[in-house]
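Chemist: Listed here are the chains, written in short residue letters.
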Amino acid sequence: MKVANNGGAGSVVLKKRITKTELRRQSVLLIIAGLYVIYGIVFYYLPLAGWTMAFENFKLKDGIFGSEKVGFKWFKTLFEDKTFLRIIRNTLAMGVINLISTTVTAIGFAILLSEVRNVMGKKIVQTISYLPHFLSWIVVTSIVKDAFATKGMINELLTSLGIIKTPISFFMHTQYFWPIVAISNVWKETGWNAIIYLATITAIDPSLYEAAAMDGAGRWQRIKHITIPGIRSTIIILLIMNIGNVINAGFEVQYLLGLGVLKPVSETIDIYVLNYGMKNYSLGTAAGIFKTFVSMTLILLFNFIAKKTGDERLF
Amino acid sequence: MKSKKIFAVALACMMTVGSFAGCKKKSDSSSTTASSGSDTTASQTASDSAADPTETEGSTAATEASTYGADEISDYTFLAFMANKEINDGNDIQEELAKRTGVRIKETWNANQDAAEAVGTMIASGDLPDFIDGGNGCKMLAENDCLVAWDDYLKDPAYANLKEMFSDKQWELFRQADGHIYWANVFGKTYGEPKTRTHNDEAFWVQVRVLEDANYPVIETLDEYFALLENYAKKYPKNEDGTEVIPYTALCEGWRYFCIENAPEFLDGYPNDGSVIVQLEGVDKPTIVDYNTTPTAKMYFKKLNEVYNAGIMDPEFATMDYDGYIAKLASGAVLGMCDQNWDFAQINNTFIEKGFDKKGYNYVPLGLVAQKGQTKNQWHAYADVPNVSSGICVTTKCDDPDKAFKFLNTCLDQDIHDLRFWGIEGTDYLVDDNGLYYRTEEMRQNWQSDAYLAKHVCTYSYFPQWGGTSRDGKNAMKPGDQESEFFATLSDPLKKAFDAYGYTAYGDFLRSEHITELGFWYPMYSHSNDMDTTTDYGMAWARMGDCKHEWLPKVVISKDFESDWEKYQKAYKDCKPEVFLEEMQKELDRRIELSK
Chain G
12 MKVANNGGAG
22 SVVLKKRITK
32 TELRRQSVLL
42 IIAGLYVIYG
52 IVFYYLPLAG
62 WTMAFENFKL
72 KDGIFGSEKV
82 GFKWFKTLFE
92 DKTFLRIIRN
102 TLAMGVINLI
112 STTVTAIGFA
122 ILLSEVRNVM
132 GKKIVQTISY
142 LPHFLSWIVV
152 TSIVKDAFAT
162 KGMINELLTS
172 LGIIKTPISF
182 FMHTQYFWPI
192 VAISNVWKET
202 GWNAIIYLAT
212 ITAIDPSLYE
222 AAAMDGAGRW
232 QRIKHITIPG
242 IRSTIIILLI
252 MNIGNVINAG
262 FEVQYLLGLG
272 VLKPVSETID
282 IYVLNYGMKN
292 YSLGTAAGIF
302 KTFVSMTLIL
312 LFNFIAKKTG
322 DERLF
Chain W
23 MKSKKIFAVA
33 LACMMTVGSF
43 AGCKKKSDSS
53 STTASSGSDT
63 TASQTASDSA
73 ADPTETEGST
83 AATEASTYGA
93 DEISDYTFLA
103 FMANKEINDG
113 NDIQEELAKR
123 TGVRIKETWN
133 ANQDAAEAVG
143 TMIASGDLPD
153 FIDGGNGCKM
163 LAENDCLVAW
173 DDYLKDPAYA
183 NLKEMFSDKQ
193 WELFRQADGH
203 IYWANVFGKT
213 YGEPKTRTHN
223 DEAFWVQVRV
233 LEDANYPVIE
243 TLDEYFALLE
253 NYAKKYPKNE
263 DGTEVIPYTA
273 LCEGWRYFCI
283 ENAPEFLDGY
293 PNDGSVIVQL
303 EGVDKPTIVD
313 YNTTPTAKMY
323 FKKLNEVYNA
333 GIMDPEFATM
343 DYDGYIAKLA
353 SGAVLGMCDQ
363 NWDFAQINNT
373 FIEKGFDKKG
383 YNYVPLGLVA
393 QKGQTKNQWH
403 AYADVPNVSS
413 GICVTTKCDD
423 PDKAFKFLNT
433 CLDQDIHDLR
443 FWGIEGTDYL
453 VDDNGLYYRT
463 EEMRQNWQSD
473 AYLAKHVCTY
483 SYFPQWGGTS
493 RDGKNAMKPG
503 DQESEFFATL
513 SDPLKKAFDA
523 YGYTAYGDFL
533 RSEHITELGF
543 WYPMYSHSND
553 MDTTTDYGMA
563 WARMGDCKHE
573 WLPKVVISKD
583 FESDWEKYQK
593 AYKDCKPEVF
603 LEEMQKELDR
613 RIELSK
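Keeping their order, the protein sequence lines are chains G and W.
If you're matching positions, the first sequence starts at 12 in the working numbering and goes up one per residue.
If you're matching positions, the second sequence starts at 23 in the working numbering and goes up one per residue.
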């Protein structure tokens, strides 16, 4: 395809006018692009009409257009609710903890793996490490529950090492919950997340390492001055993309592990929507809109910061 | 391009509208309902002249001769949000029922989802079964025109069995805001003289071996109960198979947290109104009282706190889920707990398989009270208690509602009822010279085997049914209530306990008052179950639940009970329980008004 703007050095950038012949020439491309536009409208934009539910007393029978309009009532309910504020805190806290812990471990793991010389060993470790990604949370939480049980692996290890005297009931005390969620996430996702960093590291020009080695740089120095700067832009892009997901701190893991006493620290927005929005779609939608709003703000903010600091950015 | 876009937009609109119109009422479903049942059969058989259309008259008694050919049998689906075992295809009694009623039901059990949760998506997609027990989603189904109204059928003498299920006043309680009745609860109804020997409801349960070891004492209070458990656990800290005993546990998960939550209402001697107490004494009219804040509630949780800190209570009670709980009970390790019988009855077959019943691991109920010597005690309800908030519904998806209601009606015919619950005469039960049904040892064992039940037995357990005495005036409607069968199926340790106390039914253990008629408003939980967060009181109710889920385990494991109890009560007050209680009082007044 011809690029419309092909002005060379010093020439004025001209916009080519869209002519009928040009349209005809590109008709196939336009149709293909059009299909995607239609797809986007139908599946991403039209459902947004459902957002009106947040501003009415939605009843399934009356439908979106027939239900009674109540303005910002549900948003008011949400923000006057102490529980909801606590839930935002939980969601953001767990989101940030998970993001940081999984990113740091993935980068560390990728660097360590890239330093391994034995190809066989490297492949085996990599395969094993990303397998947990394919397990569903229901399986992972059972493993976590067993591991952290009073008679479980962790407690036995800690008592036999003499670190604690009596077993700790990890699930009875709120302070252990966020670390447990972070550990579960790290266990499940590290290997998988490391793949992309590993690929970036592989793409770094080997001559850089050779040159550094010649100049007497040790392993640590090579990592610090070549590997990390080499994957810096990937880290930033992935961070920006994942930052929007901070608000999706999780549903399954908190839902399955956070019973009873742990509720004050375990409930996330998604669980709140399930509990309070199941028969009250309006409230659920309002909470959903709030979530979208927070996600978009975070992405825009981080993109802006990345732009300011002159790093890679999304848009 | 433009036209394509318009087309796409139109398409999308259609899809949107389509998805919200999942449950349009079938225009003809309610208008044709009044016609008699034989109509249906006639139209069914029109295509098949070989069959005899003269059978199946509307009358309830004249069903014994009717049989349906293979191509006249309608296959309908049924869904309930309960755990249950599915039966095999081609199940013997199911086929026999299909032949005799013209309907074969494919039952599906969904225990993994909350009913309201599942019903919402079902309404949106329009993907409904023919019959449903909508649980706490019943009201939602009715509001969205997904259900066929019962009104015309209840007026029609051809459906007299259905009408007979409740008194006129009781039927009124089932009536929804739009003036129609959409479901009937099939449980807790007695025909003729009561024969109930089981206790299907809540109690503090104790393994019968514990009572035997203490020489069958009468246990009245929490103090006595926990002392009993503690003494036994000290004496026998391990079971024969090496499992460590857990003297007491309490389930706190999800909606089943009633196991820890609602004992205070019973301890004070009130029946299971579920969410509140209805106080009658010392007030000028029946008054709603919150059992979460009474002195008894504090006393009860203080006791739990005490036993928890003394190591008598399961250290993992607050974090176990239902599966974990059932696994613990089934292992025979738990000496006692507070629960509804139906919530854990599934372990009985496991006990039999493992031989635990012979070792006295089976549970018997105890009707504990707040104070020693207190006579107010309604753990066991001697009266019928229809829960009007849910029941069996026929959906608008059903292609022939007349036939569906005909089937519901036939379910209550005596011969069909016997077939469902007693089985086939000669194979599953025998009749003695006095006309009393009984089973041989082999038959009893069959009915305790899951494999046999799946292959042979079909009770349609969520369809209309009776307890009490059969229409012949002699037998029990269900084998479990038949005196000979009840005692024959008791394991030896249980039999010994019944003899030692001189009891003849599980209800006797609870020493409840023989109140045969409860307040017309009973049970009040049928109102609170219907609430959702669109209303102030529903919101308060949801928050109260959340607050209790969080705090009840917390006060139990607390190291400083008094100060944590204060914190709990303060957090509870913040949920505005008074808004909820006010609404409950309104509903109570409304129900009293209805009964006049």
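Don't read these hints as lab results, they were simulated from the structure.
Glycine included, every Cβ here is placed at the ideal spot set by N, Cα and C.
Just so you know, not all the hints are guaranteed correct.
[Unchecked claim] Below 20 Å or equal to it, Euclidean Cα-Cα: the simulated EDC-like pairs (lysine to aspartate or glutamate) are:
hint: 1; chain 1: G; residue 1: LYS156; chain 2: W; residue 2: GLU615
hint: 2; chain 1: G; residue 1: LYS84; chain 2: W; residue 2: ASP554
hint: 3; chain 1: W; residue 1: LYS595; chain 2: G; residue 2: ASP216
hint: 4; chain 1: G; residue 1: LYS162; chain 2: W; residue 2: ASP149
hint: 5; chain 1: G; residue 1: LYS72; chain 2: W; residue 2: ASP455
hint: 6; chain 1: G; residue 1: LYS70; chain 2: W; residue 2: ASP93
hint: 7; chain 1: G; residue 1: LYS162; chain 2: W; residue 2: ASP167
hint: 8; chain 1: W; residue 1: LYS589; chain 2: G; residue 2: GLU167
hint: 9; chain 1: G; residue 1: LYS72; chain 2: W; residue 2: ASP200
hint: 10; chain 1: G; residue 1: LYS70; chain 2: W; residue 2: GLU165
hint: 11; chain 1: G; residue 1: LYS93; chain 2: W; residue 2: ASP167
hint: 12; chain 1: W; residue 1: LYS128; chain 2: W; residue 2: ASP114
hint: 13; chain 1: G; residue 1: LYS156; chain 2: W; residue 2: ASP558
hint: 14; chain 1: G; residue 1: LYS84; chain 2: W; residue 2: ASP558
hint: 15; chain 1: G; residue 1: LYS162; chain 2: W; residue 2: ASP263
hint: 16; chain 1: G; residue 1: LYS87; chain 2: W; residue 2: ASP558
hint: 17; chain 1: G; residue 1: LYS70; chain 2: W; residue 2: GLU139
hint: 18; chain 1: G; residue 1: LYS72; chain 2: W; residue 2: ASP167
hint: 19; chain 1: W; residue 1: LYS496; chain 2: W; residue 2: ASP455
hint: 20; chain 1: G; residue 1: LYS156; chain 2: W; residue 2: GLU186
hint: 21; chain 1: G; residue 1: LYS80; chain 2: W; residue 2: ASP149
hint: 22; chain 1: G; residue 1: LYS156; chain 2: W; residue 2: GLU338
hint: 23; chain 1: G; residue 1: LYS70; chain 2: W; residue 2: ASP343
[Stated by the list, open to error] So the derived label-pair ranges between C-beta atoms look like this:
hint: 24; chain 1: W; residue 1: LYS121; chain 2: G; residue 2: LYS70; range: 54 to 60 Å
hint: 25; chain 1: G; residue 1: ILE135; chain 2: W; residue 2: LYS376; range: 39 to 45 Å
hint: 26; chain 1: W; residue 1: ASP149; chain 2: G; residue 2: SER38; range: 50 to 56 Å
hint: 27; chain 1: G; residue 1: THR185; chain 2: W; residue 2: THR315; range: 32 to 38 Å
hint: 28; chain 1: W; residue 1: GLN591; chain 2: G; residue 2: LEU169; range: 44 to 50 Å
hint: 29; chain 1: W; residue 1: ASP582; chain 2: G; residue 2: ARG230; range: 50 to 56 Å
hint: 30; chain 1: G; residue 1: LYS84; chain 2: W; residue 2: GLU215; range: 50 to 56 Å
hint: 31; chain 1: G; residue 1: LEU34; chain 2: W; residue 2: ASP149; range: 41 to 47 Å
Chemist: Each of the hints needs a verdict: does it hold here or not?
Modeler: Cross-check of the supplied hints:
no.	hint	verdict
1	G:LYS156 to W:GLU615	violated (52 Å)
2	G:LYS84 to W:ASP554	holds (16 Å)
3	W:LYS595 to G:ASP216	violated (66 Å)
4	G:LYS162 to W:ASP149	violated (45 Å)
5	G:LYS72 to W:ASP455	violated (59 Å)
6	G:LYS70 to W:ASP93	violated (41 Å)
7	G:LYS162 to W:ASP167	violated (52 Å)
8	W:LYS589 to G:GLU167	violated (35 Å)
9	G:LYS72 to W:ASP200	holds (13 Å)
10	G:LYS70 to W:GLU165	holds (9 Å)
11	G:LYS93 to W:ASP167	violated (36 Å)
12	W:LYS128 to W:ASP114	holds (14 Å)
13	G:LYS156 to W:ASP558	violated (37 Å)
14	G:LYS84 to W:ASP558	holds (12 Å)
15	G:LYS162 to W:ASP263	holds (18 Å)
16	G:LYS87 to W:ASP558	holds (13 Å)
17	G:LYS70 to W:GLU139	holds (15 Å)
18	G:LYS72 to W:ASP167	holds (8 Å)
19	W:LYS496 to W:ASP455	holds (12 Å)
20	G:LYS156 to W:GLU186	violated (51 Å)
21	G:LYS80 to W:ASP149	violated (28 Å)
22	G:LYS156 to W:GLU338	holds (11 Å)
23	G:LYS70 to W:ASP343	violated (33 Å)
24	W:LYS121 to G:LYS70: 54 to 60 Å	violated (44 Å)
25	G:ILE135 to W:LYS376: 39 to 45 Å	holds (43 Å)
26	W:ASP149 to G:SER38: 50 to 56 Å	violated (41 Å)
27	G:THR185 to W:THR315: 32 to 38 Å	violated (25 Å)
28	W:GLN591 to G:LEU169: 44 to 50 Å	violated (36 Å)
29	W:ASP582 to G:ARG230: 50 to 56 Å	holds (55 Å)
30	G:LYS84 to W:GLU215: 50 to 56 Å	holds (54 Å)
31	G:LEU34 to W:ASP149: 41 to 47 Å	holds (45 Å)
Violated hints for the displayed structure, listed by number in ascending order: 1, 3, 4, 5, 6, 7, 8, 11, 13, 20, 21, 23, 24, 26, 27 and 28.
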